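> Spelled out, the chains give:
2 protein chains.
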Amino acid sequence: MTTPDQTAPAPTAPAASPTTPVHPSMEALGRRLGQVSDLRAAASLLSWEQETFMPEEAAPVRGQQLATLAGLSHELFTAPETGGLLAQAQPQTPTEEAVVCVARRDHAKATRLPTAFVEEQTRAQNEAHHAWIDARRHSDFGAFAPHLERMMDLARRQADLMGFDEHPYDALIDDYEPGMRASQVQAVFADLRDRTLPLLDRIRAAGDAADYGVLTRPFPAQAQKDFAWRVAGEAFGLQGSFARQDESAHPFQSNFSRSDIRITTRVEPYWPACLFGTWHETGHAMYERGVHERWARTPVSAGASLGVHESQSRMFENLLARSLPFWERYFPQLQEVAPAVTEGLDAGALYRAVNRVNPSLIRVEADEVTYNFHVMLRFELELALLEGTLAVRDLPDAWNAKMQAYLGLTPPDDARGVLQDIHWSAGLIGYFPTYTLGNLLSVQLLEAAQRDPAVAQGVASAEYGPLREWLVEHVHQHGRSLTPAELTVQATGQPLGADPYVAYLHRKYGGIYRLD
Amino acid sequence: MTTPDQTAPAPTAPAASPTTPVHPSMEALGRRLGQVSDLRAAASLLSWEQETFMPEEAAPVRGQQLATLAGLSHELFTAPETGGLLAQAQPQTPTEEAVVCVARRDHAKATRLPTAFVEEQTRAQNEAHHAWIDARRHSDFGAFAPHLERMMDLARRQADLMGFDEHPYDALIDDYEPGMRASQVQAVFADLRDRTLPLLDRIRAAGDAADYGVLTRPFPAQAQKDFAWRVAGEAFGLQGSFARQDESAHPFQSNFSRSDIRITTRVEPYWPACLFGTWHETGHAMYERGVHERWARTPVSAGASLGVHESQSRMFENLLARSLPFWERYFPQLQEVAPAVTEGLDAGALYRAVNRVNPSLIRVEADEVTYNFHVMLRFELELALLEGTLAVRDLPDAWNAKMQAYLGLTPPDDARGVLQDIHWSAGLIGYFPTYTLGNLLSVQLLEAAQRDPAVAQGVASAEYGPLREWLVEHVHQHGRSLTPAELTVQATGQPLGADPYVAYLHRKYGGIYRLD
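From first to last, the protein sequence lines stand for chains B and Z.
The opening residue of the first sequence carries number 1 in the UniProt record's numbering; numbering runs sequentially from there.
The opening residue of the second sequence carries number 1 in the UniProt record's numbering; numbering runs sequentially from there.
Be aware that a few hints might be false.
Intra- or inter-copy, both count: the list cannot distinguish identical chains.
Straight line, CA to CA, 25 Å or less: simulated SDA-like cross-link-like pairs of lysine to any residue [as the list claims (entries may be wrong)]:
| id | residue 1 | residue 2 |
| --- | --- | --- |
| 1 | 402 | 106 |
| 2 | 225 | 244 |
| 3 | 109 | 503 |
| 4 | 225 | 131 |
| 5 | 402 | 502 |
| 6 | 508 | 73 |
| 7 | 225 | 55 |
| 8 | 225 | 239 |
| 9 | 109 | 331 |
| 10 | 402 | 150 |
Treat the hints as calculated values from the structure; they're not laboratory data.
Just so we're clear, the structure is a prediction, and the values are computed from it rather than from any experiment.
Go ahead and model the full structure; you've got the sequences and the hints to work with.
Set out below in structure tokens:
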């Protein structure tokens, strides 16, 4: 019950103001795509609110409401009427052509899986997810194994239904990284592995490069959040007029339009989690902010892929916020808000501390050097599971062996090993590689951007305005109108490779750990 | 972009677990009504969020998203398929019978207005709303007059399309107070007016009953909100497990299920605004909380009418929170959190201060004695406008004359007179009476409840548990399955009348102002 005393009516939506008259076939299609987009935005808002403010008792009902919104938007998008509108669409401009192209691709994919299969998959994922929560809690891989077998079986069937040229994995990774193939991932990962392992050995031999105790010095919660948010605005352009920061158990970015962006953070005694987590989500946020308004309320209005998205979050979090110029600029502000943290330090010492390389069991806590090994391990294992060359029952041993080979560690239990990630329980096979693809792309993009002297000069003095302009022009504005491969070549002049990232690691950590 | 590292999947909705097998006709209908209900809940959440947290730039897009959700839920509910499901429904239980009955009534009403008419009305309301904002800002009734004429014309046409027996006004008030008629409102209002005006004269003659300066003594913002929220929980049962309090420009209550209730408040130097505003919204909230789970995701799951809703908010705000036993109980807590407010006061002095009777120009600031005159004035005027016995151009004079007659005041300008309310600009003709109907019902219900000695004893000591149980049983749980008239007779033993309210005013204010 909301009474008119209490709330103002919703403001009127601005009328569409096309510069040229819209073709009738495009007008009907635009209306339909707009409805689907609005339903998905509403669902995103309900999900965001579930993680931030929702009272606990509301969880089951919220789940039902989200299921209804997802069902209705899927129904609307896959309806024969939508198929007809797409078939008859006569795009008149390059913008309209891109919208129709992306929408047709999405529609073809969305209609390729029979409803019965999707329902079976949803049920199985739900059961697997709950089984995983229990299994992880009790570190009992055996309880999760049958569910993982079923997930893999469903993944194989999904790949067959979707179709593929080379490898069934290609049909799966396409959901996250359109056009990517397992063979390409294998090639680039092998290169990266062979050239990073020796570096990691040398770093481990070098010993500590800083006093890492500063990373848990007292930093009041509100001051952490305020500082992270202020710098997200000052350095990276995230503003309260179109964005908010709130707290949630796991940090994430979500947006309901390019004018309505949310990031969340969490506060821990290990204060870099809040700061760098915020700037990571800021990278995601500024990507969505930069998508051009011309794609609003169409399926083009989103990041090109998970990998490209991750390239932006990682760029802000690691390449910029974990750089020496960044801390030379923001160290005085940190001193003001957290004197207990900075006592006896200078910018250089802080820079070395927040770039600690420390092989660990947990992927989400990993540093720039070791992170990709966590990803490679998972990619290799899920590929073998999908192919059937690795049995699910042998997975924990295989996991532990690879962990030993890559990072020299053995998990004390499966909770801190094979059961640590949510992805497989949610049926997300083919997702992991995008994390490392994003890391690689982040450096490749930043180097391309710095060919522009204004960008390079800005980055060297932690003035990121010119870089942000470059990113909007070469990455953000295109939304999904370019595939990740098209975008990479167009923006950097070459396909995605490991070279820039490997050179970056050697340069940066060679300096920090004095490896010359 | 939300990645699985970042958010847990939505929890599964609990499977429906009917005690008896559901008839196929009811199952399909239930699914459809559930979808409509979920869409409306999502829209409510988007509206709530718009008033609380939304970044300012997002307003136009949010408006579009809300329009899409409203359009889709209307489309789904009025679709011929829904009509077919309703026609063929074979309810097997009293619960199902009530659902089908209410849904058929809503469906008949929703399909009676042609789409072209609704679109014309929406456009006109939108224009009128913007014209009203400007007109109020410049206190320029002339600029709003043509829009009000159009609103009245549309209201007359709407009444004709909806149909009525006695008076076109009946077709309009039915949207807010189902089954109510203008003639009934006139009768009860006349009675109320004749018996309250002499009381008001005596109060005005009596002079001040307390030091009203205490109402603006310093009370820190956070302490106001915390105290209001804590007492809402302790006295009235509103709990964080199913509800939240946030801030907004205008306080309101909203809910997305009975497990997901939101109230908002605002903080002002006049601190009773925050406290009593919170407890007002708490009354609305506890009504929605008390609606029985059996009506979940059906159109029965809401308050019976705006009047019945207001009876609950007014009961909590005025009959309980502005009572002497309430302050005898909570004064010590207030002393703790706001010593500057309570200095030199006791519970009785505070009780008299917060019950100041003070004729004023603005309805939303009015006290228990004068509030209803504001409502009567509006009702009389909108009835005359609808009938055509009053011309729009003569409205300001008519307004000011009635204001003088009822409250002895003349507005210095139309902004503080005829232009003060949003309702007419939003096409809400027939809405105002529900405020006073709610006031009357609040006392009639409380007196009926206190025939139970446990309730009476509880109210006398500000222990509201027994009263809340009585309200759940006799009012809340029924949702919309009873009409307001049915509910009133069933709960109080007689139809709605002015007697209890008039007696209450004489008793309470006779004491405060020592009128004996």
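> Now look at each hint and say whether the structure bears it out.
Do the hints match the structure? See the list:
1. 402 with 106: Classified as neither: same-chain Cα gap 37 Å, cross-chain 63 Å, threshold 25 Å.
2. 225 with 244: Both: 12 Å inside a chain and 22 Å across chains, each within 25 Å.
3. 109 with 503: neither (38 Å within a copy, 70 Å between copies)
4. 225 with 131: neither (35 Å within a copy, 42 Å between copies)
5. 402 with 502: This pair counts as within: shortest intra-copy Cα distance 21 Å, inter-copy 82 Å.
6. 508 with 73: neither (46 Å within a copy, 56 Å between copies)
7. 225 with 55: Both: 23 Å inside a chain and 18 Å across chains, each within 25 Å.
8. 225 with 239: Intra 14 Å, inter 27 Å, cutoff 25 Å: intra-copy only.
9. 109 with 331: For residue 109 and residue 331, neither the intra-copy (49 Å) nor the inter-copy (65 Å) Cα distance is at most 25 Å.
10. 402 with 150: within (24 Å within a copy, 75 Å between copies)
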